[in-house]
Amino acid sequence: MGILTSYQLRWERKKWRLRALMKARELKAVQDRTGQIGPDAILLFCTFRNEDQRLPYFLQYYRDLGVDHFLMVDNDSDDGGQEYLADQPDVSLWHTSAGYGAARFGVDWLTYLQGKYAHNHWALTVDVDEFLVYPFCDTRPIRALADWLNASEVRSFGAMLLDMYPKGPVSAQPYQRGDDPFQIASWFDAGNYIMSRNDLLRNLWIQGGPRARMFFADRPRQAPALNKIPLVKWQRPYVYVSSTHMVLPRGLNLVYDQQGGEKTSGVLLHAKFIDTFSARASEEAARAEHYAKGLEYKSYAAHHDEDPDFWCNWSEHYINWRQLEVLGLMSKGNWA
Amino acid sequence: MTLGVVMLVHAALGRAEQAIRHWADAGCPVVVHVDLNVGRAAYDGFVAALSDLKDVSFSQRFRCEWGMWGLIAASQAASTQLLAQFRDLRHVYLASGACLPLRPVTELRAYLDARPDTDFIESVTTSDVPWTIGGLDSERFTLRFPFSWKRQRRLFDGFVQLQRLLGSKRRVPEGIVPHLGSQWWCLTRQTLTAILQDPRRPAFDAYFRRVWIPDECYYQTLARRHARRIESRSLTLAKFDYQGKPHIFYDDHAALLARSGCFVARKIWPKADRLYARFPARSPGFDAQNDPNPSRIDRIFAQAVDRRTNGRPGLYMQSRFPFMDRENGFTAAQYSVLQGFDDVIPGFADWLTRQTGVVVHGHLFAPDKAYFVGGAVVYRGGLSDQARLRDYNSKMFLTNLIWNGRDQHQCFQFGPADNQQIRWMLTKDVQASVWVVTGAWALSLFRSGRSASDVRAEAARLQQVENKLLSTLRSPDARSRRRIITLADFLEEPVEVLQSILDDMAGHRAVALTQLPDMVDLTGFAQFLQDLKNQGMHAYLPGDFSVGHPPKISRPRLHKPYVIGGK
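Protein sequences appear in the order of chains F and D.
For reference, each letter of the first sequence is one residue, going 1 to 336 in the working numbering.
For reference, each letter of the second sequence is one residue, going 1001 to 1567 in the working numbering.
Isolated chain F, as found in the complex (with noise of 0.2 Å):
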């Protein structure tokens, strides 16, 4: 059974790499840069359509953390972020016209980037609207944790999604191009989430926060996936097989421990519900690309006319890392 279900996966990853080299050809480089990367580069992939908005922060706040260089690739966005990526000088911007769904939602793309370019690189794959936090990183640059997870021989690092809100309803606070949305964004769910265990590629299925709360109680099983696994020593044959929520070959899906210890652990903050939600939420169910048809946009826009106010007496306000270590959401592991 086990050389078995091994066997199997690693026909599965072989699959997935084919076919991200197919749909390679979907993409077209606007600006490569990519000669800059040196041999120890810690490197972004990201995917995005329309973001314009939010670039400018993401690149600040990674740029800040030290990642060497951004690997773009922009799913035919038509609001100007492409003109100005492609002015970054640390950004290497790829174009595609072609579906996000079809492409597992921009994973096929990033693979075969990844595959190209990430080999023997520490590789940081996140979307536009997510933000890694780790132990320290107010302090230590993204670099000492690389350098410290070579040291003990960990190849991959989880950062669970930490959905963030504002106070009173999304539409109510404006959020201006180049501000730190969580401004804006500065609340969120504490102890809610719930895990269990995917045996077949071992990661952790987390789920809960404010979206299961809202908008899934009554069918709790197709609450958003909140597990992540968004920074990973990346070697040619590795692939993401839904999101970044699970790698394979799954023992880089151990990031946790079972026999009573914690591991290093970080969070992805996640600035999605700032803004413009309402109506991207309309545009994309409309769109039905997204994860599941766009069954989670659906029911954002089910809720569309409340325009949702996340906030409760018992949300807690953001403070730094430290605050998610001590709440549990987080931790330091032997890190010190």
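Hints listed in this document are in silico derivations from the structure and should not be mistaken for laboratory results.
All C-beta atoms in this analysis are idealised placements derived from N, C-alpha and C, irrespective of residue type, glycine included.
Misleading hints may appear alongside valid ones.
[Stated by the list, open to error] Okay, the calculated beta carbon distance ranges per label pair:
#1 D:G1524 <-> F:D307: 35 to 45 Å
#2 F:V326 <-> D:R1021: 41 to 51 Å
#3 D:A1041 <-> F:R202: 27 to 37 Å
#4 D:D1205 <-> F:W11: 50 to 60 Å
#5 D:A1041 <-> F:A29: 31 to 41 Å
#6 F:W11 <-> D:A1460: 46 to 56 Å
[What the hints assert, rightly or not] Far from chain F by the CB rule (all over 12 Å, computed), these chain D residues:
#7 L1036
#8 K1245
#9 S1471
#10 I1485
With chain F held as given, fit chain D onto it using these hints.
Relative to chain F, chain D alone:
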């Protein structure tokens, strides 16, 4: 010129150069060993960069691998060279390229001047310390280790197994007792010379060549043979995690390092610019004769190791997901589960809150929703009262509830009408106190005003569910604190039971009960049970209620406050 330095370098050559210059500028001669794994070009550049320092020289190069002999060969060669070149050295300090001097060299020198005959080398026997890496302690000295632990793990493990199987043991050479300790030492010329020129050195070297991690035992053992005065501690602050991997210091450790009073620290992250800019520094409040005091740093790193190996009990999160049944307890704090009490005592939750100040929830696992304290729709941590969400993973609903409110004692009502998925958890969790008044559900049926024939099926179902819970609670695997009492027995002596609940929740702070809560009127209850029985449904869990002898309920014998007088 009384202090010389042997420096082992294998990476981050820029930082190593900085460290070498620091020692050399303070007048200490340095002999540098560069790992043979460093490429020719990098080595030549490194030598050229240091060519302006006349008291810095380079020794013969060996290939150094963690846990292998190369490190000893390197330090032997470099030490021999240093001692031969500089005749007037009194102490030799073994440092690495990733070492950062925290206090000025003049302070270190003054400290050593005051202790001219002392060897600073941590040296303890294996039986005294729990340093086991890879499951090996004393076997380090009795087995052979020709394979690399890092590169050839399978061969390494296999060969260890084989030797254990064959019972093959090496003999420790005559005249030495194996000792272990930090590999960073500061030895006197006399001791170091004696080690290097020992006539039996070939025999010792041959032995240690096949010992595992010789750099942690070679000098540590041999110093015991020659030293006049051993101070068994390292002057270099170096901390190790549970895998034997060195902890690394970053910019944010600056204040801690300054207060530690240690002379040298390792390992420093090569890009910790602010540490390299700040140190070495004269630390206020320290004079040269102050002993290092790294206890705070020790504590922080000990906590880190504890978090990695034991974690926070009762926490389930993305990087800690212990097998639920294997853990000692499931939850983070003690809590109480009360079954049946609210059937007997209508305002039980309010009464209990008044008596103890603990958080008293209603039926958290009721079929329609979770009844949080105060009727909250969302409770601490964002827990929702919606039944489906709760039932999707009831175990984690409970672990989350207890984790979020771990600063308080929480309790909740339970009953056979509730969702029973947490049955086993309540049985096995050492943090749980479960109090059951069996058959109390019959009281609520009785008070519903419906006839015995109407509630017959419902009564049978509740009895069955409760019975299943009881047999679970009585299983041999049970580890929670449980007290199970029939309704009839409870009504006999309610004060006793309620008092023990208060004591259990509030510990020594519990007050003696002076007033009983209002209980339901039992007139006609015995007849109700008899009616049920006449319908063919024998309600046995409530206990014995005989028709015509209504139980006395409002005659509690209140205990007088019990005072232990003392003079």
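Structure-based check of all given hints:
no., hint, in the structure
1, D:G1524 <-> F:D307: 35 to 45 Å, "56 Å, violated"
2, F:V326 <-> D:R1021: 41 to 51 Å, "42 Å, holds"
3, D:A1041 <-> F:R202: 27 to 37 Å, "44 Å, violated"
4, D:D1205 <-> F:W11: 50 to 60 Å, "53 Å, holds"
5, D:A1041 <-> F:A29: 31 to 41 Å, "34 Å, holds"
6, F:W11 <-> D:A1460: 46 to 56 Å, "54 Å, holds"
7, L1036, "21 Å, holds"
8, K1245, "6 Å, violated"
9, S1471, "27 Å, holds"
10, I1485, "34 Å, holds"
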